[in-house]
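Q: Quick note, the sequences are listed as chains P and G, same order. With the working numbering as the guide, the letters of the first sequence map in order to residues 1 to 329. With the working numbering as the guide, the letters of the second sequence map in order to residues 330 to 658.
All the given hints hold, so there is nothing to weed out.
Here are the simulated lysine-lysine pairs, BS3-like style, with alpha carbons at most 27 Å apart:
1) K353(G) - K372(G)
2) K512(G) - K183(P)
3) K332(G) - K379(G)
4) K480(G) - K259(P)
5) K43(P) - K61(P)
6) K648(G) - K332(G)
7) K275(P) - K480(G)
8) K435(G) - K319(P)
9) K588(G) - K3(P)
10) K275(P) - K604(G)
11) K604(G) - K259(P)
Rather than coming from a laboratory, the hints here were simulated on the basis of the structure. This one's a predicted model, so the numbers in the text were calculated from it and none came from an experiment.
There are 2 protein chains.
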Amino acid sequence: MQKIRIGIVGYGNLGRGVELALAKCPDMELAGIFTRRPPESVKPAFSQTKVLHIDDAAGMKDLIDVMILCGGSAKDLPEQGPYFAKLFNTVDSFDTHAKIPEYYKKVNESARQSGKISIISVGWDPGLFSINRLMTEAILPDGQTYTFWGKGVSQGHSDAIRRIEGVKDAKQYTIPIEEAVEKVRSGSNPRLTTREKHLRDCYVVAEEGADKERIEREIKTMPNYFADYETRVTFITEEEMKRDHSAMPHGGFVIRSGKTGNNEENTSIIEFSLKLDSNPEFTASVLAAYARAAWRLNQEGGSGARTVFDIPPAYLSPKSGEELRSELL
Amino acid sequence: MQKIRIGIVGYGNLGRGVELALAKCPDMELAGIFTRRPPESVKPAFSQTKVLHIDDAAGMKDLIDVMILCGGSAKDLPEQGPYFAKLFNTVDSFDTHAKIPEYYKKVNESARQSGKISIISVGWDPGLFSINRLMTEAILPDGQTYTFWGKGVSQGHSDAIRRIEGVKDAKQYTIPIEEAVEKVRSGSNPRLTTREKHLRDCYVVAEEGADKERIEREIKTMPNYFADYETRVTFITEEEMKRDHSAMPHGGFVIRSGKTGNNEENTSIIEFSLKLDSNPEFTASVLAAYARAAWRLNQEGGSGARTVFDIPPAYLSPKSGEELRSELL
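For reference, chain P alone in the conformation it holds in the complex:
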């Protein structure tokens, strides 16, 4: 059986996660990592992995079935998504929610022209959480959906703290508030603002001699990011930061609470939850499964942009329809 040949564009935590994830997929093989850095400066997880310059990708159209784009949503993907969709089937994790419609449109144009498939915004949110929001709302139209994130690091909030004068390093964990979660699980359909659902837990390394009281005040009063939330600030040393806060755990849950019956007398609670030791490795594993789907859809003649909403579950699995029906249905 011919293996699906995968390329990885961008080698940060996510790209490395994809390299590791592919090692667990016997039906796929890694053709190479494409980087903007000098290729010899990149150290892949496996010594046999080829590292190439990103400019070499265009010449390898016949050697790669799906490109997994592992760049960031702010600066890399808005350019790389439409560019690579002109050349390859692609999968990416574009996650700037507000800009998804615009990004979809651009990638769709490229992929229609090239006759390739591009699955955008793949991962867990957007991604698996989105699928659960859609399916549970369709099944229980009379209800409420709640998404909680965490416990996990928010990169944007950590960066915001780092921009404060006197801050050397910072990590911000988003933590679901247990009381809110329990209310939702009880089926009482509470009205909850984001602030009532999450607490912001900040670990800060201050520069020597910096005014910690001012830093704490600036964090807690920062508009949009912290002012509206219950925010905890803990100052730690650089060693503690490295020792206790270098892992990348994350997780969260989507809960739909809906009513059925002649008088809405019955409640159904559907919950989908994730608890991840490594957010980038898990997201990468989702991307790898959707790369399989992208390749299959294109083999069937499909082209254009897709989201996780458009992909039949069977396309994610290496098993045949018969196997799936007899083993997993």
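We have chain P; now place chain G onto it with these hints.
A: Below, chain G without anything else, positioned relative to chain P:
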């Protein structure tokens, strides 16, 4: 906008659940209930619902877009599934796991001939649980999947108790064993037999003067059903049975625990859980959403049998692709 016209075949708890579920779907309308009983003997939930004889269905091919088959898997569906697939798009909840491949084949032949779509084995298990088993295995190939059922009534086990001499009525609840659940949630990937995962809790009304010790012994030693399980037997009165055990709650969860990383050093836990006050009303709500998908797939020219594995999530929702991408992704 033309509404999707739905027919219900069979009016037990599930059929009634579909009647109620459709009332929550503004894009669908109920054309009628089809029953083998004298139509005038059936009392629908809503007075305006039409009740017709099942033999009248064949003459209504142009008046119904999708038939939701609400009969049982043991006797009704093996006949009704292939029969109705010759006439209508259909959705059913066929749940005899071992016979799904054979049933799929027969329904597929009918639906291919008629040019209709039949989505079989829809509900939560088989159904939503199956989707989660498939997707989480595809995403985390290096891992284990665990399905727990309950707390909920097992009809088959309740019936088995009722066949014992001296038993007037019985209900058997399947209950997940908390200790096993916690082991799985911890990511330790334990080996667990069904017996280590579930406890069987039986409520029995004995005939007057019956030998309760013998009944309890016969239950606990019954091969296949109880002998291999931790089984609890409680004798109650007929009034208690009616007062405390007439609801139809159910639920359960699918947990995938998988490893990622260069040395399997990171664990991901994915959990999908259901807590249902009314098992038939929830299952019916799933059937209604998949009826929407059946109709759309057929509108696009599709024909033949499908399972939940073949249905893109977007087809379940009344919202457009644009709406889904901007609101739920």
